Amino acid sequence: MDAGTTLTIMDIRPFVPELTLLCAGLILILLDLIVKRKEIVAAVGVAGTIAALYATYKLFGYAQPQYAFFDMFVLDGYSSFFKLIFYLNLILTICISVKFMEIEKASCGEYYSLLIFATSGMMIMASAADLIVLYLGLELMALSTYILAGLTRKRHRSNEAALKYFFLGAFSSGFLLYGISLTFGLTGTTNIRDIAHAIYALNVMDSPILYLGMIFIVVAFGFKIALAPFHMWAPDVYEGAPTSITAFMSVGPKAAGFAVLGRVLFDAFGGMQVQWTSVLIPMAVLTMALGSIIALSQTNIKRMLAYSSIAHAGYMLLGVIAGTPEGLTSTANYLMIYTFMNIGAFAIVIMLRREGFRGENIEDFKGLSKSHPLAAALMLIFMFSLTGIPPTAGFVGKFYVFMELINSGYTYLAVIAVVFSAISAFFYLRIVMYMYMKDPGEEIVITTSPSMSIALAITCVMVLILGVFPSFLLNLVRYSILG
Amino acid sequence: MPGTYIPWDYVPVMIVFAFAVMIGLGALVGGLLVRPRRPYAQKLAPYESGNPPVGEPRYKFSVKFYIVAMLFVVFDVEAVFMYPWAVAFDKLGMFGFIEMMLFIFILLVGYIYVWKKGAFVWE
Amino acid sequence: MVPLSWYIMLSAVMFSIGVFGFLARRNLIIMFISLELMLNSVNVSLVAFSHYLQSMNGQILVFFVITVAAAEAAIGLAILIAYYKNNPTIKVDEINLLKG
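Protein chains in written order, with this note's numbering: chain F, 1 to 483; chain W, 1 to 123; chain S, 1 to 100.
Treat the hints with care, as some may be off.
What the hints assert, rightly or not - Calculated pairs, DSBU-like style, for lysine-lysine (alpha carbon to alpha carbon, straight line, at most 30 Å):
no., chain 1, residue 1, chain 2, residue 2
1, F, K36, W, K116
2, W, K43, F, K154
3, F, K370, F, K438
Derived from the structure by calculation, the hints contain no laboratory data. Bear in mind that the values here come from a model prediction, so they are computed numbers and not experimental data.
My request is simple: use the sequences and hints to build the entire structure.
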């Protein structure tokens, strides 16, 4: 390729949303040095996110995918929809963490710029059309989240969470790289579309080396998504990290992992669907089983939500296993719904945190309905949604995944998933039982702030609206992914 | 193919390597065979110019070194991107130049950040 | 010229040593070095493939891997030091506050 003649400023156009967000991150770093009040830094961060959201919206209308940087970066409906999830995740996380980070005495401007850099990494992952860009996006996301997990430096648990997350994350990215190198060596290209062509042209579909490369890539993203048996880090890290970061990590990296998994498995390894389905099915069953069953015995709510998020990753994986673009659509739909309900649940956990009181035990929710009926009602809605009880959005998400699964002929998997979903009702509804049927032990004080109220309003309203009128989101996701 | 191919170009390297190992091992083994060996406590103590040893040989040194070293590694390695740019400078032209200036600008933001945070203050 | 398969075998052996070191050793610094060994084994195979296929992509990725590895080392050591300040141990078996 002759670089000089083809690279122009117009080439950057599809990259504008990421560029906007990265600029916002850089501005925040410098702003933090000047401004004392961290609320201003947070507000500028939200403004930058909204600017990036606007850029994505303006670029959304194109029917054809747009490529940039020599086909290394792609802007299409698929990546735009995932970017929408990342923006929402970022804005909601900033909203729930302003007050919380003050209580944690870790209120620093770097927090917001790191959140923004992590989100940019996820966006680059979702838009990657080349394994090199994919790796870069992954590392940008991962390195930022390692620091975020350990941001409360004085807390021993937070240190330990960051340490575990870092070591296992770096280990998994080693596997990803080895998988990339094997795939590159066999197909002679790192471009995701060209890999698919090369697999056909060179007729290497049955090559054990390519199979190994594919497995390594799946394993690496299994780590990021926290699929069993690569979920070991998740409960420890989710428990130890600051709660707002736990909320961020349980949605963002998961969504980015699924975005990449969908693109790599469908576009690059589309010809090897039989092979990867046979790997993913046992993983999905194991993930759902481990997540739902181990969550039953947890006493720490963050740890319980960690296992619940592992179980949810299993349900989301079912959409990928369905192996059709519609299946992927149902996974994306589920991820969007999961963003709202999971961040909402973590927001309530954050509200219980105050000076000198962690509020992370399930016991701490005893009798919440007596003293704070509104907070208890919100938690009730989020718990119902996570269980998948109509008329909440969680039901809609699960329903469409299972429907696509049955359409693809995996009825037995859908049955297994419904069984584990029923098991999961035990631990979600246990929280509801504690809130409504037990007497309060000690007085519960909740911490609120305007931004927290906004985040709770958004999540709660969306969970209810999407539960009653699912067609709006479903049309959006269908339009984005299926065109 | 492995087994059929012999890398003749690397034979001198192997010879030098073999000599290096032989000389090192030879000195150690030779000394062991020739020298008398009558150890006692003072003789086994680490040699510190004839003075009695003071404190532990492994002591902690300031973490300041770590911060400077870490910053050095991060900023130093980024220079790796300048080499391909320098090689392809003519072909990339103005666009490449602007891109690289942006890259350096981002590094500069990081530099200002660590500066203002006081990472370079030694005392 | 040394055949491609030798490089690939070297890389596979290095990667396996790295994985083994990471899983078997109980000292965080040694585990850290094992991680670096894994990344560098990938670099060896990427450069070898890149030369063999006459495609620059592999070498471009190596550039990025080198820089990312430096950033990773900086962040990893920073996390390690933050941990060490609160709890002076680098033995993995003693890092067990979070479990269940």
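Exercise. Does the structure break any of the earlier hints, and which numbers would those be?
Worked result: When the structure is compared with the hints, only number 2 turns out to be violated.
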